[in-house]
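Novice: Be aware that the sequence shown starts at 31, since it is given in this note's numbering, and climbs by one per residue.
Keep in mind that the hints were calculated from the coordinates and are not lab data.
Treat the hints loosely; a few may be bogus.
Computed cross-link-like contacts, DSSO-like style, restricted to lysine-lysine with a CA-CA straight-line distance of at most 30 Å [what the hints assert, rightly or not]: (1) Lys50 x Lys66; (2) Lys83 x Lys66; (3) Lys328 x Lys400; (4) Lys83 x Lys45.
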Amino acid sequence: MSLEKKLDIVNRTAKLIAYKEKSVRKGSKSGAHISKYRVERVRRMMHYEVPLKPFQATVQVDPNSICPLPESKESSPSLVDFRSIFNLCTPQSFPPTPISRACVMSRTTQISDDVLFLARDHLRLDEQVRAFDSDETTRLTAEFLKSQARLAVLNGCAAAEGIILTCGHHCASKINTSQLYSSVRAMVPVLRNRFVFFQFSLTARESVVPSLSLGLSTQDMPLNTLVGTWAHSIGLSSLGQILLASRWYSCVAGRGDYGVGGIVGILVYLDGSASYHTWDGEMVTAYITYSVNGQPIKTTKRDNSIDDRIISENSSNEFHLLSEGFSASTMALSVPRDRDLFPTLTLHSPNIQVFCRFCASDMVHITREKIGAPPEVTVYALDGSVVLPRQISS
Numbered sequence: 031m032s033l034e035k036k037l038d039i040v041n042r043t044a045k046l047i048a049y050k051e052k053s054v055r056k057g058s059k060s061g062a063h064i065s066k067y068r069v070e071r072v073r074r075m076m077h078y079e080v081p082l083k084p085f086q087a088t089v090q091v092d093p094n095s096i097c098p099l100p101e102s103k104e105s106s107p108s109l110v111d112f113r114s115i116f117n118l119c120t121p122q123s124f125p126p127t128p129i130s131r132a133c134v135m136s137r138t139t140q141i142s143d144d145v146l147f148l149a150r151d152h153l154r155l156d157e158q159v160r161a162f163d164s165d166e167t168t169r170l171t172a173e174f175l176k177s178q179a180r181l182a183v184l185n186g187c188a189a190a191e192g193i194i195l196t197c198g199h200h201c202a203s204k205i206n207t208s209q210l211y212s213s214v215r216a217m218v219p220v221l222r223n224r225f226v227f228f229q230f231s232l233t234a235r236e237s238v239v240p241s242l243s244l245g246l247s248t249q250d251m252p253l254n255t256l257v258g259t260w261a262h263s264i265g266l267s268s269l270g271q272i273l274l275a276s277r278w279y280s281c282v283a284g285r286g287d288y289g290v291g292g293i294v295g296i297l298v299y300l301d302g303s304a305s306y307h308t309w310d311g312e313m314v315t316a317y318i319t320y321s322v323n324g325q326p327i328k329t330t331k332r333d334n335s336i337d338d339r340i341i342s343e344n345s346s347n348e349f350h351l352l353s354e355g356f357s358a359s360t361m362a363l364s365v366p367r368d369r370d371l372f373p374t375l376t377l378h379s380p381n382i383q384v385f386c387r388f389c390a391s392d393m394v395h396i397t398r399e400k401i402g403a404p405p406e407v408t409v410y411a412l413d414g415s416v417v418l419p420r421q422i423s424s
């Protein structure tokens, strides 16, 4: 689609045929033909110096314009796609709110950041493919991601209305929208039969109280839903409560809540080797452990966390042997066997930025005690890089 048609979708446009500035009398200042009040208004509203000479422009209006005429009853602002504001803007379609304007004005900087982040991610992926002496799971995961043209980032095609992705799709923020909840999923699912760990960190330009939920979900969850309230999903809200398939569980006081500057870690083991039959079909179990600022969180109730009976019935032998010291702060989530689990975040409040840390090089607070990982297992990041190598006991 040509640039003219793209602009025409946002706001009615016309093709410029000729443009000529009229001459002003010698000795007169630019803008002398208009009032002083209007001159000051133009200087106050524009972001750079604008010539105020009178001009004559000849335009050609396309009768087959995509956008209806202003006098048409169909020319309601609600017909314009809200997300198109952040791609192309005309003087009339420039967004009115400060947050929306900031997104438009910082577009050039965002493009530069996206290029740098994407270049870094591709270099990391190539390094993992070429490192033949590295972990086999790391190399095979990198080869798969490269063959599928995927990266361990947030998925722009799986983002709700109002979600803005920046920094090479590593950062998500929410603009003003009519939706109460706006969710976005990662592009890459978690590995099966492996311990996978990833983090989210929160930042904000001003002092705000964030309202959001961080967790895991399948592709069946609608993007206008709070993660954890849908079946086969789990989320940790910023208030310190865990939502597990529409059930609320309170965390130990002072352990589960987080705010601006906080780092939330999620350790997941999707046991794809042991399935069981239910009324909803064949299921597998995912074991999830949350940590906030380097402290694994625990719920106040014991019956919602995994125990020895669940481990022995639904887990693989490897997980059963390594489960000691791991089950106290772990939640069990039933997932359809043919579904993948994706890291998911849901934003309720705007004015905050959530950064995803899906590579081992980007993570902080990495020890087995701080993330709740059992001993003698290898912990991987979402991109397949090794977070914690396996410890061989003497």
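Novice: If a hint holds in the structure, say so; if it doesn't, say that too.
Specialist: Verification of the supplied hints:
1. Distance restraint check for Lys50 and Lys66: the Cα-Cα separation of roughly 24 Å lies within the 30 Å cut-off, and the hinted pair is therefore satisfied.
2. Of the supplied pair hints, the one linking Lys83 and Lys66 holds, its CA atoms being roughly 14 Å apart against a limit of 30 Å.
3. Between Lys328 and Lys400 the alpha-carbon distance is near 13 Å, which keeps this suggested pair within the 30 Å criterion.
4. Between the alpha carbons of Lys83 and Lys45 the distance comes to roughly 21 Å, so the proposed pair stays at or under 30 Å and holds.
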